Amino acid sequence: MKRREVIKNVALMLGGAFSAPTLMAMDNWENATKPNTNGIAFSLTETQQRIVAEIAELIIPKTDTPGAKDVGVPAFIEMMLKDCYKTPEHQSFIEGLDSMGKVKFLELNTDEKRGVLKFLEQESKKITSKTTPFWRLIKELTLLGYFTSEAGLKASFEYVQIPGKLELIKLKPNQKAYAY
Amino acid sequence: MNLNIKANKNNTFDAIVVGSGMSGGFAAKELTERGLKVLMIERGHEIKHIEDYDTAMKEPWDFEHRGKTTNLSAEERWANSRFWGLGSEEVVNHLTNDKENPYIEKRAFDWIRAYHTGGKSMHWGRQSYRWGKHDFEANAKEGIGIDWPIRYEDLEPWYTHVEKFVGISGQKEGLDVLPDGHFLPAMPLFAPEAHFKNKMMERFNRPVTVGRVANLTQPQDIHTALGRASCQYRSKCQRGCPYGAYYSSLSGSIPAAMRTNRLSILHDSIVAEIIYDEQKKRASGVRIINQNTMLTEEYFAKIIFLNAGSINTAALMLNSKSNRFQNGFGNESDQIGRNLMDHQLGSGATASIEGFEDDYVYGQRPNAMYIPRFRNWGNDKQTAYQRGFGYQGGASREGWNRGVGADGFGADFKQGLTKPGAWTISIGGFGEILPNSNNRIYLDSEKKDKWGIPMIVTDAAFVENDWAMRKDIIASAVEMLETAGFKKVTPYDRPTHMGLGIHDMGTARMGRDPKTSVLNAFNQVHDCKNVFVTDGAAMTSSSCVNPSITYMALTARASDFAVKALKKKEL
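Respectively, the protein sequence lines represent chains A and B. Sequential numbering from 1 applies to the first sequence in my numbering. Sequential numbering from 1 applies to the second sequence in my numbering.
Hints may contain errors.
Derived pair list, reagent style DSSO-like, types lysine-lysine, alpha-carbon separation capped at 30 Å [what the hints assert, rightly or not]: (1) A:K62 x A:K176; (2) A:K130 x A:K154; (3) B:K236 x A:K82; (4) A:K82 x B:K58; (5) B:K321 x B:K281; (6) B:K58 x A:K86; (7) A:K113 x B:K419; (8) A:K170 x B:K488; (9) A:K176 x B:K487; (10) B:K68 x A:K126; (11) B:K68 x A:K154; (12) B:K419 x A:K172.
Stretch-level coverage of chain A by chain B, calculated; a stretch enters the list once three of its residues show a Cβ under 8 Å from a Cβ in chain B [as the list claims (entries may be wrong)]: (13) 105-116; (14) 134-146; (15) 151-157; (16) 161-168; (17) 172-179.
Since the hints were made in silico from the structure, they are not lab data. Quantities reported herein were computed from a predicted structural model and do not represent experimental measurements. Just so it is clear, CB atoms sit at the ideal spot from N, CA and C, and this is done for glycine as well.
Same shape as in the complex, but just chain A:
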């Protein structure tokens, strides 16, 4: 599949997924049903899990420090969606994964995958729905899962568990941020 087609497909999917009638339908559905508060209904298929892992790793790749997969971000994302998010976000996330499936995301090469994500990022900004779009959800949860994991946090920041003092200091060149 050519890059142009990929983008066209994603655009179509996004346009379809977040058009006004769909949003209205989602609202109606939300009003008509009890919100799924404990998230029992939310789970991902194996393919969906692979897409999540792939995207998370593209957001935070393994470099000289661990990547998203190394610290368990993919499973974290699924758990967080289940426990801390409700039906509209679940739907938004699944629809996002569906559109990734339709463009055969897993079969693309790395450049193409990055191209899709860049496009997704720009398109997500246009979405005005109250429901967090797929890209924002996966990015937010990837960063949270990574930067608060033990390995991710310690590799990224200077971890200070007990500062013991409060001091105004000057930043040294290339100094990492403190994490507490």
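Got chain A sorted already, so can you dock chain B onto it with the hints?
Chain B in isolation, oriented as in the chain A frame:
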């Protein structure tokens, strides 16, 4: 009345204190230190200082949901989780399960509760400001509500007494609007905040100071004697401090009272009713219901201090009916439950700051900067609203979460987020709410909770004065941040109800006239002098500063009065 004569002797104390929070803890301390045998009754479960701060030393990755609110806790803590961050697994188990302790919102009220030893003093924001002279005089001068029966001078020595014991870090500024207190060394303002402070003075003649906060920057003997140590600048106060560095009933007043060997604490005991002795014309004790066993018991004392928190104190009084008090205990004035006040918050502005790239901070400051009230103060006259507001806020460098809203992903993006981000600043208003008899709580005439106690109904909301003030809180915040030269100044106005300030007060107000108030100048119930109310319920107006040290000062003053009166056999 069904007196349990056998239990009578074991169940008799000099004083009963209902509640173990900010003011109840202080009452227990003051009364026991003056020689009284005190029974403190807490409706919630026991929390032991340090030992039971189960999340205090957890690392970020120890929290399964990394501090986010789960659907389950949002459901169980449906009111508590309305306050930002209180649904988080860092603190949520120390806040009341609203599902098990429901209340009825005739008008929405964000009632934040912590039913356990120490109550909300375990979770408070620790900001500690004296009221000014004007705060006690404004009602009379402006013809709002009723006059306070006391003035600043009456409370001044008690503020000092409280501040020394609590330990408050702050900067003396010599301002009438925000009287100085007895302070431990101040925490620093960060570089952009110092710039902001200078600009505000230069352009508006408005002072800015660092927050006055109940964290020990330099513990004194009075603190170390109770095992309280210096702040470690983790800024994880709300989990409970294993160093006892911030003040709470758990770290301060309860250990001080225990030290006298005159304090007994009863947990899991909901005070359902004040027992009134029709012959002696005084309260003789209280009837409690054990929240777990549902068993009822009676306890007796010469004096009773009500410190259940303003809403629960009012509810307890309303539920205590007798021949003498058919409309609720000491409620001849029909003011109990009324004049419910709070501080409005949730509005202000944020900005990003260019420059100061080299300035950084080691440690986390459990504090903010403070902008004292400048509206309807001095030469400023607002036509749209009465009274004023202060701001709390501060500057910080962005962390990794700046990446969430920013473009990008991949290796460079990941690497970039390991560096401190740009400085940003946020300030939010705390606005005074006026006493209004239509803002109230009352007991539902039919619905009862699982202990058979009538359910509390909240019926209060912001009025025109609050909305007009809110507009100005936002506009002035924008103006100040722009004047300081900050960029991308963005107003914010989060949807909130009354209650979210967690400064609920006024439901059994002090006053001179028993026809219009519930308590006298020493917090005694007008019509039953051996019952004192010294929590937020006593407040006749709300000022715009955080109220805890005022509650504690009123409590200490009333305790001193009560013990003297007892000794003179006047009670």
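So if I understand the rule, the pair passes when the alpha-carbon distance is 30 Å or less; does K82 (chain A) with K58 (chain B) pass? 23 Å, holds
Taking beta carbons only, do three or more residues of the region 161-168 of chain A come closer than 8 Å to chain B? holds (count 8)
For a C-alpha distance cap of 30 Å, please report whether K62 (chain A) and K176 (chain A) respect it. The given pair, whose Cα atoms are some 18 Å apart, holds under the 30 Å limit.
Sort out whether K488 (chain B) lies within 30 Å of K170 (chain A), counting only the CA atoms. 25 Å, holds
Hinted pair, alpha-carbon criterion (30 Å max): K419 (chain B), K172 (chain A). Please report holds or violated. Between K419 (chain B) and K172 (chain A) the Cα gap is close to 11 Å, so the pair holds against 30 Å.
For the region 134-146 of chain A, does the count of residues with a C-beta closer than 8 Å to a C-beta of chain B reach 3? With 6 residues close enough to chain B, the hint holds.
Holds or violated: K113 (chain A) to K419 (chain B), with C-alpha atoms at most 30 Å apart: 27 Å, holds
Quick check: the region 172-179 of chain A, covered by chain B? Criterion 3+ residues, Cβ under 8 Å. With 6 residues closer than 8 Å to chain B, the region 172-179 of chain A meets the three-residue bar; holds.
Straight-line alpha-carbon gap K68 (chain B) to K154 (chain A), limit 30 Å: With Cα atoms ~21 Å apart, K68 (chain B) and K154 (chain A) stay inside 30 Å; holds.
Is the hinted pair K321 (chain B) and K281 (chain B) satisfied, with a Cα-Cα distance of at most 30 Å? 14 Å, holds
Assess, step by step, whether the Cα of K130 (chain A) is no farther than 30 Å from the Cα of K154 (chain A), and give holds or violated. 35 Å, violated
If you draw a straight line from the CA of K236 (chain B) to the CA of K82 (chain A), is it 30 Å or shorter? Within the cut-off at roughly 27 Å; holds.
Hint compliance for this structure: hints 2, 13 are broken, all remaining hints hold.
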